[in-house]
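J.: Place chains X and U on chain A using the hints.
Each chain is listed here by its residues.
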Amino acid sequence: MVNSKAQSNIKKAEVINLTFAYTDKNVINSISMPIFQNNITALIGPSGCGKTTLLRCFNRMHDLYGDVRYNGEIKLYPDNINILGREIDPIEVRMKIGMVFQKPNPFPKSIYENISYGLKIRGIKKKSYLDDKVEDSLKKAGLWNEVSDRLHKSAGALSGGQQQRVCIARALATEPDLLLLDEPTSALDPIGAAHIEELVTELKKTVTILMVTHNLHQAARTADYTAFMYLGDLIEFGESSQIFTNPKEQKTENYITGRFG
Amino acid sequence: MNQLGETSQMKQRIESLKRQDSYFWILGLMTLVFVLVILLSLIIDMALSGWTRISLDFFLSFPSRFPEKAGILSAWVGSLCVVFVTAMISIPLGVASGIYLEEYSKKNIWTKIIEINILNLAGIPSITYGLMALGIFVYQFRLGQSILTAGLTLGLLVLPIIIVTTREAIRTIPSHIREASYSLGATRWQTIWNHILPYSSGGILTGVVIALSRAIGETAPLITVGALTFIAFLPTPPVLAVPPFVSAGWLLDPYTVMPIQMFNWVSRPQEQFHVNAAATGLVLLAMTLILNAAAIFVRYRFRKKYKW
Amino acid sequence: MKPNDVSTTFSRPESFKRRFREFKELTIKSILFICAASSVLITFGVVWTLLSEAWPFFKEVSLLNFLFDNEWTPLFENPQYGILNLVSGTFLTTIIALIVAIPMGTITAVFLSEYASNSAREILKPILELLAAVPTVVYGYFALLFVTPLLQKIFSDLSSFNALSAGLVMGIMIIPYISSLSEDAMRAVPLHLREGSLALGASKLQTSFKVIVPAAFSGIASAYILGISRALGETMVVAIAAGLQPKISLNPLESAQTLTAYIVQVSQGDLPQGSVGYRTIYVCGVVLLLFTFIFNLIGARIKSKMEIKYK
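Chains as they are written, first to last, in the numbering used here: chain A, 1 to 261; chain X, 262 to 569; chain U, 570 to 880.
Some clues are possibly wrong.
Below, a list of computed lysine to any residue pairs in the SDA-like style, where the Cα atoms sit at most 20 Å apart [unchecked claim]: (1) K204/A / E175/A; (2) K120/A / N455/X; (3) K598/U / D67/A; (4) K568/X / F558/X; (5) K367/X / F602/U; (6) K779/U / L288/X; (7) K153/A / Y567/X; (8) K103/A / E440/X; (9) K367/X / A869/U; (10) K598/U / R439/X; (11) K722/U / N820/U; (12) K125/A / H152/A; (13) K330/X / Q533/X; (14) K593/U / E87/A; (15) K373/X / K694/U; (16) K694/U / A547/X; (17) K566/X / R150/A; (18) K598/U / S366/X; (19) K779/U / D282/X; (20) K109/A / H152/A; (21) K694/U / A554/X; (22) K272/X / T776/U; (23) K373/X / A869/U; (24) K367/X / V68/A; (25) K565/X / P108/A; (26) K373/X / Y65/A; (27) K120/A / L130/A; (28) K140/A / S110/A; (29) K125/A / N455/X.
Treat the hints as calculated values from the structure; they're not laboratory data.
Next up, chain A with everything else stripped away, as it sits in the complex (with noise of 0.2 Å):
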């Protein structure tokens, strides 16, 4: 099923000539769109066409392997501020961005203590709070009536779709201003991407999602707009339902069509 209808238009965030290169090599070429609030966004295209690279430009994933540079911008409403800046500190960039990543990472803690993570490093403290943040969490990332008795048991015991729905509730423990998403089902069994998907649908009325995908359908199922991206360059950007049943250029026709992969 394709959506039909962006739920709205303003911008939550919007990348402006990116280009970023890892040791002489760009990875990604003057790329530049919008990302609408509130609004799940996917970014599809064949393995090493730069959409991880992208994504992780978003939160300065980068910075941690070394001395990168980025060229052009990523700015982020309302603050309307230039992201990818060297005045700005990557570590408040990750607490307004949260990420889910594509094998599912809880930390080899409890279910409680994941979650308040996020909350803990930035020095809350308060149990109460923390309670009701974990519970909050949980229940938006559908999990709270499965594992309410179970918080301080270890996350590793759950099942993959559980873990992936763990990883996400601490991501919006902090109530990021963005989502990334990194694959977040290509781990999982059928039933569990399911579940997320359900999910990413109901999470995009409280938080904008970008989310990269190789599942051409769950992009076509559950995303607001698509960018399809080629060897670094972003070939086409729209509303998904045209670029699914309608894409304006020939290669992002092929992609859709299996031509290639």
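T.: Leaving out everything else, chains X and U in the frame of chain A:
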């Protein structure tokens, strides 16, 4: 005709290869059995010689001119004090170095120098540490032939062990756990304190136990820095009955340790002292066994807890 | 509500909160760096002490005397400083040890890596580790009071302090170092190399020695180098069992004194700091370090040559 000939030749060859294989298997097994036999004969020989001397008296007596009266009281107390100082030096330095090298350092020339250096240190003969400590700690720093010197010497000796095991323990932590922590806005130190250290503590502990086990058995460097062999007194007690209730005077006291006591006794011509040496050897062996078993146990428990 | 929750705006670089956080992180990083760099200080300490204490020795004793004097008697009335007497002892015991340790260590490593089952390995490895953990003074006792009497039954003219017992026991002691590192290196060889060889019809033995060992050569060479260093630097076994008579001789049935045993002998005595006698222990230390260094270098050269050959 030709084909049959070739086949039987091949068969012969395969048979001889198989035989070679089994010969080697036997050789390998025999080698291991031989090594085992040696180890056992060592233990049994010492047990047979020294068992008679093992008694509470043995542990509570000072060394003496009379072998039947001599005991290892000053020796094991000395060992305890020295190992304590060794731990206090090597653990913080070693773990901190390991953390820096794994979490902070970039792949530049300085890091390479540090890494090569640590490898080098592992290959230096242990007595060389004693020579260095003699010049620097005993004379230059005026620490004298004291427990503190001994602890510093052994602390530096086992430092590479702790650094290497810390690094290996940290390396087992997968990068996606780190990324999860960072993605929530944690600083580097927060990630290390909340995740890296707790998850690697098992491996680090294993390394610590192994390092201390080594330290208890070390003899040569301590002889060089002047551990005495006839000590008929204990170091000043660390706890006092009067304020300030704790004293660090024991750090500068002369001392002896168990391996040195054993060395002293085995070097004497009288057989009765050899019995004492055997008894001390048994105590040392028992400690080594217990510590190694503890290390294996810790490794096992933590491997179960953190299955990546 | 939200107490001291996430800020809704980004802080400026000059803000107090940010400055404090960055300061804290930098402090921690610096402390950790100093700890790591201290290991370099240790090496400096060792080299500096040894050289500075040994150097004045050569002002009083000529190099010729040092190399060519007949005897090593620095503590006697007419001191002689022929270092070869001690070097001979070190080499003799080391060679005996390596004759034992290298073949047995390698065979053990191949056996454990290629032939033994997983459960056998689980039991045998800890036993080998135990062998390495036994204090050297215990090995010394064993060499003097068990091995020597035993060998005297075979070699009737074996003196009670001799290089053979010490060397043999040292060899046994070093086996775990060689076997453990070699085995790690062999097990790291990728499975497909083994399978390729076996699929061509080679026996396990052929595979082990013609494919695995060359592939793991770098690790095995490191293991051998470690074994050599260990043997050169071993002190207690030789101090207890090999004797205190330095001489230039390759006869293992006689007593011999190594560089390390000499250092122990002098340390137990009471030599005034700064005297020539005192400095001799540092000179021995320098010679020891030199040999260790040379062997490490040789090993590294051989390693890089073999790597080129087998890559």
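J.: Does each hint hold? Answer for all of them.
T.: Hints, one by one, checked against the model:
At roughly 13 Å between alpha-carbon atoms, K204/A and E175/A fall within 20 Å of each other, so this suggested pair holds. Taking the CA atoms of K120/A and N455/X, the gap is near 10 Å; set against the 20 Å cutoff, the hint holds. At roughly 17 Å between alpha-carbon atoms, K598/U and D67/A fall within 20 Å of each other, so this suggested pair holds. Pair hint K568/X plus F558/X holds up; C-alpha atoms about 16 Å apart against a cutoff of 20 Å.
Taking the CA atoms of K367/X and F602/U, the gap is near 12 Å; set against the 20 Å cutoff, the hint holds. Taking the CA atoms of K779/U and L288/X, the gap is near 18 Å; set against the 20 Å cutoff, the hint holds. Our distance criterion of 20 Å between C-alpha atoms is met by K153/A and Y567/X, whose separation comes to about 14 Å. Restraint check for K103/A and E440/X: the C-alpha separation of about 12 Å stays at or below 20 Å, so the hint holds.
Distance restraint check for K367/X and A869/U: the Cα-Cα separation of roughly 25 Å exceeds the 20 Å cut-off, and the hinted pair is therefore not satisfied. In summary, the hint linking K598/U to R439/X is supported, as the alpha carbons are separated by about 17 Å, within the 20 Å threshold. A distance of roughly 18 Å separates the Cα atoms of K722/U and N820/U; the hinted pair therefore holds under the 20 Å criterion. Proximity of K125/A to H152/A is assessed by CA-CA distance (about 17 Å); at most 20 Å being required, the pair is judged to hold.
In summary, the hint linking K330/X to Q533/X is supported, as the alpha carbons are separated by about 11 Å, within the 20 Å threshold. Restraint check: the Cα-Cα separation between K593/U and E87/A comes to about 18 Å, which is no more than 20 Å; the hinted pair holds. Only pairs whose Cα atoms come within 20 Å are accepted, and K373/X paired with K694/U is rejected, the gap being roughly 32 Å. For a cut-off of 20 Å, the pair hint linking K694/U to A547/X stands: about 19 Å separates their Cα positions.
This hinted pair checks out: K566/X and R150/A have alpha carbons roughly 18 Å apart, not beyond 20 Å. The suggested pairing of K598/U with S366/X holds, with an alpha-carbon distance near 9 Å, which does not exceed 20 Å. With a C-alpha separation of about 14 Å, the suggested pair K779/U and D282/X falls inside the 20 Å cut-off, and the hint holds. Pair hint K109/A plus H152/A holds up; C-alpha atoms about 8 Å apart against a cutoff of 20 Å.
Distance hint between K694/U and A554/X is fulfilled; the C-alpha atoms sit about 13 Å from each other, no more than 20 Å. About 19 Å separates the Cα atoms of K272/X and T776/U, which keeps this hinted pair within 20 Å; it holds. Taking the CA atoms of K373/X and A869/U, the gap is about 17 Å. The hint holds against a cut of 20 Å. Between K367/X and V68/A the CA atoms are separated by roughly 14 Å; this keeps the pair inside 20 Å, and the hint holds.
With a C-alpha separation of about 12 Å, the suggested pair K565/X and P108/A falls inside the 20 Å cut-off, and the hint holds. Between K373/X and Y65/A, the direct Cα distance comes to roughly 18 Å. Compliance with the 20 Å bound is thereby established for this hinted pair. At roughly 9 Å between alpha-carbon atoms, K120/A and L130/A fall within 20 Å of each other, so this suggested pair holds. Proposed proximity of K140/A and S110/A is supported: the alpha carbons are some 18 Å apart, at most 20 Å.
Only pairs whose Cα atoms come within 20 Å are accepted, and K125/A paired with N455/X is accepted, the gap being roughly 15 Å.
The structure fails hints 9, 15 (numbered hints given earlier, in ascending order).
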